[in-house]
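Q: Quick mapping for you: the protein sequence lines, in order, are chains A and B.
For the first sequence, position 70 (counting from the first letter as 1) is numbered 70 according to our numbering, and the numbering increases by one without interruption.
To convert, take the position in the second sequence, counting from 1, and add 1000; that gives our numbering.
Keep in mind the hints are simulated off the structure, nothing from the lab.
Ideal Cβ placement from N, Cα and C applies to all residues, glycine included.
Incorrect hints may appear among the rest.
[Claimed, not checked] Residues on chain B that point at chain A, a partial pick, calculated with CB under 7 Å:
(1) THR1220
(2) LEU1221
(3) ASP1231
(4) ALA1235
(5) GLY1240
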Amino acid sequence: MKPDVSSSGPPLVELQGISKRYGDLLANDGIDLAIEPGEIHALLGENGAGKSTLVKILYGVIEPSAGKIRWEGRPVSIGSPVEARNLGLGMVFQHFSLFDELTVAENIAVALSDDWSLSTVRSKLGEISHTYGLALDADRAVWTLSAGERQRIEIVRCLLQNPRLLILDEPTSVLTPQEAEHLFATLDRLSAEGCSILYISHKLEEVRRLCRRATILRAGRVVATIDPRAKSAREIAALMVGNEVGEVRSDALHQVQGEMLKVSHLSIPPAGLHGQALRDIDLVARAGEVVGIAGVAGNGQSELFAALSGERLADRPDAIVIAGKPSGTFGIDARRRLGAAFVPEERLGHAAAPSHRLSENTLISHAAAEVSRSGFILVDAAKRLARSIVQSFDVRTPEGDPQARKLSGGNLQKFVIGREIIRKPKLIVVDQPTWGVDAGAARLIRQALVDLARAGSAVVVVSQDLDELFEVADRMAVIHQGRLSPLRPVGQWTREAIGLEMLGVAQAQGDAHAL
Amino acid sequence: MRFELTPRASVSPVMRALAPVAAFITAFLIAGFVIWLMGRSPIAAFDVYVLQPLSDPWALQELLVKATPLALIAIGLSYCFRANLWNIGAEGQYVIGAVLGSWLALKTHGTEAGSWVLPLMLLLGIIGGALYGLIPAFLKTRFGVNEILTSLMLVYVAQLILDYLVRGPWRDPKGFNFPQSVTFDPSATLHPILEGGRVHYGAVFAIIAVLLTAVILGRTLFGYRLKLTGDAPRAARFAGFSSRSTTMAVFAISGGLAGLAGISEVSGQIGQLQPSISPGYGFTAITVAFLGRLNPIGILIAALVVALTFIGGESAQIMLKLPLDLTQAFQGILLLCVLAADALVSYRIRFVTRGGGK
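Excised from the complex, chain B in its bound form:
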């Protein structure tokens, strides 16, 4: 016996809307089962993962802090994914954006440099990420190299570059040999939106990116070009859209937004360069982009939900002694459930028994 997916004649909009909800419930049930297997109470875990962060003002701020880079990167990735191009290297573009932007912060460190430093840093962050994103795009369009492999491998290159810089040339001489740079000057720091708060202006960038993207994807020829390239590549060629320039454009955009996320995080959150500046935002953002169904508003919501699992995961580690890996596992389960739910909205499973009355 085998089973096959047959397309449903009509897809109900109610089912399509409810699919993510069903996916979440299923993911929580599976995760609960895993936690139960590990000998902890699933109910207590649910409380720590979901309810406590949502009822604690500090945790709510933290939620926005973590959702900011996720949303920025995922919005960028949605450009690529819509055009059926697979940028898996946002993590590397994030790192290179942070490195190039930080270069200016370190250059101007201790000088009287004025308010122009921060905007220029952000710009350098975008440029750094975009250029780094263009490497796999160039290799793909020029030599036909698979962009999944190159973009992924370039993540490790970027991380090693960062590692080298903070241990070598950019190390703080007064830092007791810790592998980190000097702390950025106030002129190189992205400030919190509210005095004394934790949420910095990166959150505003994310909102702007969401709104701009909603207009670009929905209302412009460029947005249609991406959709057509993704849905019917031959028709896109027939429309006169060159796949080469589409590839370059989407990798530059997604790289640029990842770079902006990187420099915002370093100048707004961390305040200096160190070997690790991301808990894997660039990879998790792939999940976020698909959870949000590549829709800008959906991505914003998905970023908040996934940020919750980060925070919940941290407190679960402390309070329930659950490993941090469980958080990543849960994010994976969630993505699978969402993809499965989407598939089941459009297809139904049919069991086929091997026939034949011979």
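Chain A on its own, in the form it takes in the complex:
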């Protein structure tokens, strides 16, 4: 049981009027936030709402322009993460900072101060693993571990320093439903012992499962502090986005026509030491439908994307047939000319060049099309194209033709997806369409993908977000260790069945190692 959020005594940490200005942008605008001892407090907000800025201020990574922080009622200034840790703050970042080649114990030891020897780390690790049910083998190399296990290392690393406040940034984005449930149990337990938790997420169901208080940020300001259990997910989303969030509409009756993508017996060896091989993959996507591919990160999704896009070639043409044409050995450009379009997972650096303007970024996938003629760039046409993408897909830009990196994650994602959809592709393959994207943008993107399918294109969505797949997909398969399960209509899948596939059915039945 959680202790009651009582008004006796000062809060563990209290932020008062925190503001952070970057040039013209006010990333945090007079934010007040108080976290009681033992409380699990959610921080909700769209991308670009100021969540990460606020957390970085609290963790001493950046300095606030104005405002005060009180720790147990006493004013403090947190100048660096070291100071934050000394105060009793621990942080689990969304992206892990682990050395693949080192063991679990070594990874923990390097992050701690010098007075921790490897053997103390090892014995403490056993203790903590046992107390909190965070099973970890101290001598396993990190590269052999699943994302869930890697996250446990990060958590244990924080717990070793006896934190009073643990900050978790989107912790379930890499977990299976079972692993997530396990994490929640650990957090409940920590909270019962009096450790406060600041839980950053955009997954409303989780927040309602875990937290009694949630602070909602929008455009750098606190718009509400609520009890998430007393509100529906729709109401909370509306507070975050600032207007009513609709659900993705999809006509129940639609026609499915010819095969736009047919993958048969596709096997590709791993690219690097820790890469994932693709094993004997079969997949069909027909015009008019959305095919969803679920799976935990690192099970071959990016390899599958590279094979479908032509960034990696198959060894025989008929392994991948696009619009009736065997194209397994075609490069990405030739596949685009067959009417295929691709949106990779990484927005910055893969889908778009960060330092290039949006108009230049249209050249990346439209090079052969209307924005160039006999090798010359049609600058005006590129600008017009960028403008029409920006308008059609509600991309909010700070200026007319900004550099890609000036856009928030959600807006850039709308841009790179819009850039492909505007070409009216016969087939589109999208890897993690709404990863790290705010609720409003995610809805727009999902709707656009569904609409594209209904207009007669084949859409393949690779995603770790099961809610998303249930929302948009007509048929679904699960990828695990480079193998793809059979495609089944969404109605025939349950979350449990997917969870078992994600862990590998055989493992879940016999091997107790995974959890």
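Following the hints, complete the assembly by docking chain B onto the known chain A.
A: Okay, now just chain B, sitting in the frame of chain A:
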């Protein structure tokens, strides 16, 4: 205590424009200090290095003569550097271009060969430099060999080839055993633009290269391809640009322009082959390319500025007995200052004191 660079939220265009000026002033102050340490007057050195060459018509011509190969080579290098490929071997490509072009001049020496000789020599110069530049490109794309090492090492190979030729098979039999070739015929000589002047048509080639490059880099898909390859290699692959053909293309272009610079210098300036045909233009051009921020017009200006240090260095050697090494040191200081100034425009230095109240 340590200090770290944190990105500035917004980069002011005024600061970006003023950064090279600030870099020059800083470089002059540092060089002045070094000269003062050596017991000479920094003011007199500044006069000899900068003011005198700029006020003397002969020196001004010499400035253009020296800036020509620097600009040609640096323009070529800018193609490589934009794509994040490191051709450090322009000096070798310059030498091989000069050697292959000179081969025709020596072959036709003393014959009635007409006006076709010179254009063909220039073409051979370009081809020679390009082929020599393609060696590191091929090794990189085929075997993954680091292009910095191979292109640099091939410089010494090229210099030894030249050395062998002028001491051996290509030595002028009537040259009193000096290691040099015969003097080229007029039909194999690149003439001065003005009668009696020193500035030859290589300067025109440099201007053409600058203008063409400005169009290619700014307006063509090929130019965008280089920029994308340099700024976001994964996005370039995603765009369908093969990194292999990009590598081959930029090394061929930069090698070709270095080769053109080499043959222009030999047929327009020196008039014969000799063991040393370059005071290190191929290396200095790297500085020039970065001083000019890989921008064609910027490179043209930078070539003139660096040429000034060559000329100033020569007169400083004569008039102030300052060693020629000081010129190279100054070029190095200048490059460091420019790179530092550019970094400080985009980042600010933050001192971090080791915190922790334990």
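Q: Is the hint on B/LEU1221 kept, meaning its closest Cβ partner in chain A is under 7 Å away?
A: The hint holds - B/LEU1221 has a Cβ within 7 Å of chain A, the shortest such distance being about 5 Å.
Q: Taking the least C-beta to C-beta distance, is B/THR1220 closer than 7 Å to chain A?
A: holds, 5 Å
Q: Please check whether B/ALA1235 passes as an interface residue: C-beta within 7 Å of a C-beta belonging to chain A.
A: holds, 5 Å
Q: The hint names B/ASP1231 as touching chain A; please verify it with the least Cβ-Cβ distance against 7 Å.
A: B/ASP1231 check passes; min Cβ-Cβ to chain A is 5 Å, inside 7 Å.
Q: Using 7 Å as the Cβ threshold, decide whether B/GLY1240 counts as touching chain A.
A: holds, 3 Å
Violation of the numbered hints given earlier is absent; every hint is satisfied by the structure.
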